[in-house]
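Protein sequences appear in the order of chains U and B. Here our numbering is used: position 35 in the first sequence is 35, and no number is missing along the way. Here our numbering is used: position 54 in the second sequence is 54, and no number is missing along the way.
Hints may contain errors.
[As the list claims (entries may be wrong)] When the alpha-carbon atoms are kept at most 30 angstroms apart in a straight line, the in silico DSS-like pairs for lysine-lysine are as follows: (1) U:K38 with U:K28; (2) B:K48 with B:K445; (3) U:K38 with B:K135; (4) B:K135 with U:K28; (5) B:K110 with U:K43; (6) B:K110 with U:K28; (7) U:K26 with B:K135; (8) U:K26 with B:K110.
[Unchecked claim] What follows is a list of derived Cβ distance ranges for each label pair: (9) B:V479 with U:G12: 50 to 60 angstroms; (10) U:K28 with B:K135: 12 to 22 angstroms; (11) U:K26 with B:R142: 44 to 54 angstroms; (12) U:Q62 with B:D336: 19 to 29 angstroms; (13) U:A9 with B:P370: 56 to 66 angstroms.
[As the list claims (entries may be wrong)] Residues of chain B placed beyond 10 angstroms of chain U at every Cβ, according to the derived structure: (14) N75; (15) L428; (16) E484.
Derived by calculation from the structure, the hints in this document are not laboratory data. From a predicted model like this one, the values you see are computed outputs, not experimental measurements. Yeah, the Cβ is synthetic: ideal placement off N, Cα and C, and Gly gets one too.
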Amino acid sequence: MAYRIDAGACTGCGACEFDCPSGAIKMKGDVYAIDAGKCTECKGVFASPQCVAACPSDAISQA
Amino acid sequence: MVQKVIPLDVISRVPRPSPEQSSGGCSSGGCSSAVAKSPDLPEHIREKIKEHPCYNEDAHHFFSRIHVAVAPACNIQCNYCNRKYDCSNESRPGVVSERLTPDDAVRKVKAVAAAMPNLSVVGIAGPGDALADHKRTFETFRMLRETMPELTLCLSTNGLALPDHVETIRELGIHHVTVTMNAIDPEIASKIYAWIFFGHERRTGVEASRILIERQLQGISMLTEAGVLVKVNSVMIPGVNDHHLEEVNAEVKRRGAFLHNIMPLISDPAHGTHFGLTGQRGPTPAELKELQDHLGSDAKLMKHCRQCRADAVGLLGEDKGQEFGLDLLPEEPQVDGEARRAYRAIVDREREDRRREAADAAAAVRQYAPEEPILVAITSKGGGRVNQHFGHAKEFQIFEVSSNGTRFVGHRRADRYCRGGEGEEDVLDLTIAALEGVTAILTAKVGRCPRQRLAEAGFDVFDDVGLDYIETAIARWLVERASEHGVAVRSA
Numbered sequence: 001m002a003y004r005i006d007a008g009a010c011t012g013c014g015a016c017e018f019d020c021p022s023g024a025i026k027m028k029g030d031v032y033a034i035d036a037g038k039c040t041e042c043k044g045v046f047a048s049p050q051c052v053a054a055c056p057s058d059a060i061s062q063a
Numbered sequence: 001m002v003q004k005v006i007p008l009d010v011i012s013r014v015p016r017p018s019p020e021q022s023s024g025g026c027s028s029g030g031c032s033s034a035v036a037k038s039p040d041l042p043e044h045i046r047e048k049i050k051e052h053p054c055y056n057e058d059a060h061h062f063f064s065r066i067h068v069a070v071a072p073a074c075n076i077q078c079n080y081c082n083r084k085y086d087c088s089n090e091s092r093p094g095v096v097s098e099r100l101t102p103d104d105a106v107r108k109v110k111a112v113a114a115a116m117p118n119l120s121v122v123g124i125a126g127p128g129d130a131l132a133d134h135k136r137t138f139e140t141f142r143m144l145r146e147t148m149p150e151l152t153l154c155l156s157t158n159g160l161a162l163p164d165h166v167e168t169i170r171e172l173g174i175h176h177v178t179v180t181m182n183a184i185d186p187e188i189a190s191k192i193y194a195w196i197f198f199g200h201e202r203r204t205g206v207e208a209s210r211i212l213i214e215r216q217l218q219g220i221s222m223l224t225e226a227g228v229l230v231k232v233n234s235v236m237i238p239g240v241n242d243h244h245l246e247e248v249n250a251e252v253k254r255r256g257a258f259l260h261n262i263m264p265l266i267s268d269p270a271h272g273t274h275f276g277l278t279g280q281r282g283p284t285p286a287e288l289k290e291l292q293d294h295l296g297s298d299a300k301l302m303k304h305c306r307q308c309r310a311d312a313v314g315l316l317g318e319d320k321g322q323e324f325g326l327d328l329l330p331e332e333p334q335v336d337g338e339a340r341r342a343y344r345a346i347v348d349r350e351r352e353d354r355r356r357e358a359a360d361a362a363a364a365v366r367q368y369a370p371e372e373p374i375l376v377a378i379t380s381k382g383g384g385r386v387n388q389h390f391g392h393a394k395e396f397q398i399f400e401v402s403s404n405g406t407r408f409v410g411h412r413r414a415d416r417y418c419r420g421g422e423g424e425e426d427v428l429d430l431t432i433a434a435l436e437g438v439t440a441i442l443t444a445k446v447g448r449c450p451r452q453r454l455a456e457a458g459f460d461v462f463d464d465v466g467l468d469y470i471e472t473a474i475a476r477w478l479v480e481r482a483s484e485h486g487v488a489v490r491s492a
């Protein structure tokens, strides 16, 4: 399982990339995308997925 | 030689043959009355802000700033902010047209410095929070420090991450930090902030506000102890924090902030902000002025803030950002250090000259101004002069004039929001509404039609000012007014 970013809602601010502990988020074109292979959903590390909690446009949800 | 390297019309005395100038738009600039308006500031602070347009009312007639938008991420959600909305006519904080990498930002600063020898300040104000993704902010400042050490650097933050970065701010020689702080009471703050992201968690409600306030106050104290100048911005939100800002003012002053800038909430449903959508209104100019007056002269208030976009370029009140889009920049801009030094020398002379003329004008104001204060609106594109055509003015500098003297009290804008397809007539209506309470309009030139409509709306319109300094123009208008009214007074 991994999380995904709704490209229509993403403003490209990069808060998710900054806060992702796994380096799983990179810019693709004008918006960000999550590498499902690297995403750990922050399990066992943080109470909630960091990208979801940090995203100002609530653009990230479970895939 | 000096004239050759100073292309700016800002400081020219002679009228231009044509109102259409190379800048290609209605730029506007400056404000304030001549002599430094912050007599309560210690000398070492005055020296530090001498060339900072945002902090020194006098300097902002002469020096330009650039905001580089390298910081799109934010760590809190304010109810007055929605960064998705961007219209090129839109002017408010948090809005940008393009995002920059640190390398792009440095290239842009160089290109602007090459075109504008009066560039003195580089700020990072978002469009998110400068310290949320601090790596981009500090990388940009680090490169600028190396390439153009004479620049003044500043940043704006909501303060949540501030305590973690005070050491880096000090080390990089960032001269000024602005902290936006809207409340010191968590209950009140919880009506302004939807959430914060802190300690790897999203937090809401009063708890979130309590953490934010604690971090803001701690950061302000740490900065002032480290010798960094701190300005506090507060957004005035009627019915939410308007009566609370007096307490905020006292607290941030106590912690050593040298300026407090109370800004009106900009609220419109079209912006899609929480406040915009829920009908929260901003304060009227009169309400803002009433609060500033109530806080009094020792409140260290700042009155010439323009609530710039996070990618603004130029003198305060003007924005040439669109002339410096990334695709328009040269690969390797060449900065002419000689031109920049020459500009500073000219400005030093002009400022001295203006101080002398203002002192002369003050005598006339004392003699001819009414006892009860009246408001006078000025159009200026910089240099401390009434040198802008009425039709080019997007904003007006407002001066309060009485037998006690002339005092700059703020700006009024007629183009605050994106205007869509409205025509010229509507703009004049907006202007007339924005100038409510103003007695006279002093401008470099005004057309016959608008002059008539302004007169019908009750304004005394005066354009026989010959590009005078603002203080001199006000004095001349008062003398003229007295000579016209003199007969009436005697015959009464």
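Checked hints:
no.	hint	result
1	U:K38 with U:K28	holds, 16 angstroms
2	B:K48 with B:K445	violated, 36 angstroms
3	U:K38 with B:K135	holds, 22 angstroms
4	B:K135 with U:K28	holds, 20 angstroms
5	B:K110 with U:K43	violated, 45 angstroms
6	B:K110 with U:K28	holds, 28 angstroms
7	U:K26 with B:K135	holds, 16 angstroms
8	U:K26 with B:K110	holds, 29 angstroms
9	B:V479 with U:G12: 50 to 60 angstroms	holds, 57 angstroms
10	U:K28 with B:K135: 12 to 22 angstroms	holds, 20 angstroms
11	U:K26 with B:R142: 44 to 54 angstroms	violated, 24 angstroms
12	U:Q62 with B:D336: 19 to 29 angstroms	violated, 56 angstroms
13	U:A9 with B:P370: 56 to 66 angstroms	holds, 57 angstroms
14	N75	violated, 7 angstroms
15	L428	holds, 36 angstroms
16	E484	holds, 57 angstroms
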